[in-house]
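Residue numbers (full-length UniProt numbering), protein chains in the order written: chain S, 1 to 209; chain Y, 1 to 209.
In short, the hints are calculated from the structure, not lab data. A quick note: this is a predicted structure, and the numbers were derived from the prediction, not measured. Any given hint might turn out to be false.
For identical chains, the list gives no copy identity; a pair is met inside one copy or between any two copies.
[Unchecked claim] With a Cα cut of at most 20 Å, we get these calculated SDA-like pairs of lysine to any residue:
#1 Lys25 x Asn156
#2 Lys125 x Asn93
#3 Lys75 x Leu179
#4 Lys25 x Gln42
#5 Lys82 x Gln144
#6 Lys12 x Val189
#7 Lys12 x Val192
#8 Lys75 x Ala9
#9 Lys12 x Asn191
#10 Lys76 x Asn8
#11 Lys117 x Val189
#12 Lys76 x Asp206
#13 Lys75 x Leu14
#14 Lys12 x Glu197
#15 Lys160 x Ala40
#16 Lys160 x Glu39
#17 Lys25 x Lys76
#18 Lys136 x Leu205
#19 Lys31 x Pro7
#20 Lys29 x Leu179
#21 Lys75 x Leu194
Number of protein chains: 2
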Amino acid sequence: MKQYKIPNATIKRLPLYHRYFQFLKDSDKKKISSTELAEAVQVDSATIRRDFSYFGSLGKRGYGYEVEPMLEFFKKLLNQDKTSQVALVGVGNLGNALLNYNFSQTNNIKIAVAFDKNPQIIGQKINDVPILDTEKLAETIQNQEIDVAILTVPANNAQKVADELVQAGIKGILNFSPLRISTPPTVRVHNVDLANELQTLIYFLDNYR
Amino acid sequence: MKQYKIPNATIKRLPLYHRYFQFLKDSDKKKISSTELAEAVQVDSATIRRDFSYFGSLGKRGYGYEVEPMLEFFKKLLNQDKTSQVALVGVGNLGNALLNYNFSQTNNIKIAVAFDKNPQIIGQKINDVPILDTEKLAETIQNQEIDVAILTVPANNAQKVADELVQAGIKGILNFSPLRISTPPTVRVHNVDLANELQTLIYFLDNYR
Numbered sequence: 001m002k003q004y005k006i007p008n009a010t011i012k013r014l015p016l017y018h019r020y021f022q023f024l025k026d027s028d029k030k031k032i033s034s035t036e037l038a039e040a041v042q043v044d045s046a047t048i049r050r051d052f053s054y055f056g057s058l059g060k061r062g063y064g065y066e067v068e069p070m071l072e073f074f075k076k077l078l079n080q081d082k083t084s085q086v087a088l089v090g091v092g093n094l095g096n097a098l099l100n101y102n103f104s105q106t107n108n109i110k111i112a113v114a115f116d117k118n119p120q121i122i123g124q125k126i127n128d129v130p131i132l133d134t135e136k137l138a139e140t141i142q143n144q145e146i147d148v149a150i151l152t153v154p155a156n157n158a159q160k161v162a163d164e165l166v167q168a169g170i171k172g173i174l175n176f177s178p179l180r181i182s183t184p185p186t187v188r189v190h191n192v193d194l195a196n197e198l199q200t201l202i203y204f205l206d207n208y209r
Numbered sequence: 001m002k003q004y005k006i007p008n009a010t011i012k013r014l015p016l017y018h019r020y021f022q023f024l025k026d027s028d029k030k031k032i033s034s035t036e037l038a039e040a041v042q043v044d045s046a047t048i049r050r051d052f053s054y055f056g057s058l059g060k061r062g063y064g065y066e067v068e069p070m071l072e073f074f075k076k077l078l079n080q081d082k083t084s085q086v087a088l089v090g091v092g093n094l095g096n097a098l099l100n101y102n103f104s105q106t107n108n109i110k111i112a113v114a115f116d117k118n119p120q121i122i123g124q125k126i127n128d129v130p131i132l133d134t135e136k137l138a139e140t141i142q143n144q145e146i147d148v149a150i151l152t153v154p155a156n157n158a159q160k161v162a163d164e165l166v167q168a169g170i171k172g173i174l175n176f177s178p179l180r181i182s183t184p185p186t187v188r189v190h191n192v193d194l195a196n197e198l199q200t201l202i203y204f205l206d207n208y209r
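Chain S extracted, bound-state conformation (with noise of 0.2 Å):
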């Protein structure tokens, strides 16, 4: 597949634009307006427009967007032909959750396999996926070539547990834990921060209304 240069707030919605398309064909939609586009995704359609034109001719000017080709694109572009396998860290409320999250629902991503030190979860599976001792880490994620780990320890533990999985061969992790990791420039973290979130939105609300 063609490497186009996008900018990273276009990536970053490039899958909500593919579920949307998903959305659409699991509803029999075979078109769709720019507009009723923009309100779904609530992206206003000037970005949209230009998220879309990094792609060359996507859609037709006053037309709107047909979506089995679009939905064709954006799976390509995404690499939803293939399966991403991940690994999780941290099977407590938050992992627990991650694992009954159904990603491959949306994305085909599947979690496939899940590492605890609590020796009463070890040998269990949730959701299909095996909890292995956290010891066995390094040996499964190079044996079953996994690039990319959730992290969902407890803070005071996440560093240790991130320099692990870097040393394991990981290349991506999602970190949930509150601080961040410090890991070498080859490795990316996408930091998901709950409270963060949550706090975000409270300050604008108490000081932008």
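Go by the hints and put chain Y onto chain S.
Coordinates of chain Y only, in the frame set by chain S:
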């Protein structure tokens, strides 16, 4: 407290700074250099300086930041003097994880009440938060003067519940459902899209290394 004009990107980093100064105080640190701060929060120091510049002269050049006054400043700025009460709707796996997530550890946020329509859990408490029938949503939110809701219902129900929340007077929604919701312009929605986060991380890894 003074009202500042601050870019959204800066606002989103404020809780991160706040939390890190809290962490430093808890670790009995008195001072931190701007290099250390940049490393710890994973934001480059030019951005930190620009962020702080919106609030006048925070910290001295070449000296770094004193923990105590910085913490006090961010506490006031983020209204950490008062506790924000929020509601949660949808006590599935993710809702359950959020109820057990200790928001109050790092932020003065408290989930005051949760709603679900499953009779098997209505009347129970999770982490001391009572679970009420979704039918009581409007009444409870009005009585308890709650402004902010966390939405963790299944995607196919999200818009309906969002409409009910708006009707009940909610001003801010933290939306975890994978499809976007529409609300009137007076209601602020922040989306946390877990599959999207993971997908974006994988896309970056596949295309930019």
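Hint check results:
1. Taking the shortest alpha-carbon separations for Lys25 and Asn156, only the inter-copy value of 15 Å comes in at or below 20 Å, while the best intra-copy value is 44 Å.
2. In this assembly of identical chains, the alpha carbons of Lys125 and Asn93 lie at most 20 Å apart whether taken from the same copy (15 Å) or from different copies (16 Å).
3. In this homomeric assembly, Lys75 and Leu179 come within 20 Å of each other (Cα to Cα) only across copies, at 17 Å, whereas the closest approach inside a single copy is 34 Å.
4. In the homo-oligomer, the alpha carbons of Lys25 and Gln42 lie at most 20 Å apart inside one protomer (19 Å), although the nearest pairing across protomers, at 40 Å, exceeds that limit.
5. When the C-alpha separation of Lys82 and Gln144 is checked against a cutoff of 20 Å, the pair qualifies only within one copy, where the shortest distance is 15 Å, while the shortest distance between copies is 48 Å.
6. Taking CA atoms no more than 20 Å apart as the test, Lys12 paired with Val189 passes in both settings, with 14 Å inside one copy and 17 Å between copies.
7. Proximity of Lys12 to Val192 under the C-alpha cut-off of 20 Å is found in both arrangements, the shortest distances being 13 Å within a copy and 12 Å between copies.
8. In this assembly of identical chains, the alpha carbons of Lys75 and Ala9 lie at most 20 Å apart only when taken from the same copy (19 Å versus 30 Å across copies).
9. Taking the closest pair of Cα atoms, Lys12 and Asn191 come within 20 Å of each other both inside a single copy (13 Å) and across two copies (12 Å).
10. Proximity of Lys76 and Asn8 under a CA criterion of 20 Å is satisfied intra-copy only: 18 Å inside one chain copy versus 33 Å between copies.
11. With identical chains, the CA atoms of Lys117 and Val189 are never at most 20 Å apart, being 23 Å at best within one copy and 37 Å at best between copies.
12. In the homo-oligomer, the alpha carbons of Lys76 and Asp206 lie at most 20 Å apart only across protomers (12 Å), although the nearest pairing inside one protomer, at 42 Å, exceeds that limit.
13. For the homomeric pair Lys75 and Leu14, the shortest alpha-carbon distance inside one copy (10 Å) is at most 20 Å, but the shortest distance between copies (36 Å) is not.
14. Within a single copy, Lys12 and Glu197 get their C-alpha atoms as close as 17 Å, and across copies as close as 8 Å, so both meet the 20 Å cut-off.
15. Only between protomers do Lys160 and Ala40 lie at most 20 Å apart by alpha-carbon distance; the minimum there is 14 Å, versus 41 Å within a single protomer.
16. In this homomeric assembly, Lys160 and Glu39 come within 20 Å of each other (Cα to Cα) only across copies, at 16 Å, whereas the closest approach inside a single copy is 43 Å.
17. When the C-alpha separation of Lys25 and Lys76 is checked against a cutoff of 20 Å, the pair qualifies only within one copy, where the shortest distance is 16 Å, while the shortest distance between copies is 49 Å.
18. Proximity of Lys136 to Leu205 under the C-alpha cut-off of 20 Å is found in neither arrangement, the shortest distances being 46 Å within a copy and 24 Å between copies.
19. Within a single copy, Lys31 and Pro7 get their C-alpha atoms no closer than 27 Å, and across copies no closer than 37 Å, so neither meets the 20 Å cut-off.
20. Taking the shortest Cα distances, Lys29 and Leu179 sit within 20 Å of each other only across copies (16 Å), while inside one copy they are farther apart (43 Å).
21. In this assembly of identical chains, the alpha carbons of Lys75 and Leu194 lie at most 20 Å apart only when taken from different copies (18 Å versus 28 Å within one copy).
The structure shown violates the earlier hints numbered 11, 18, 19.
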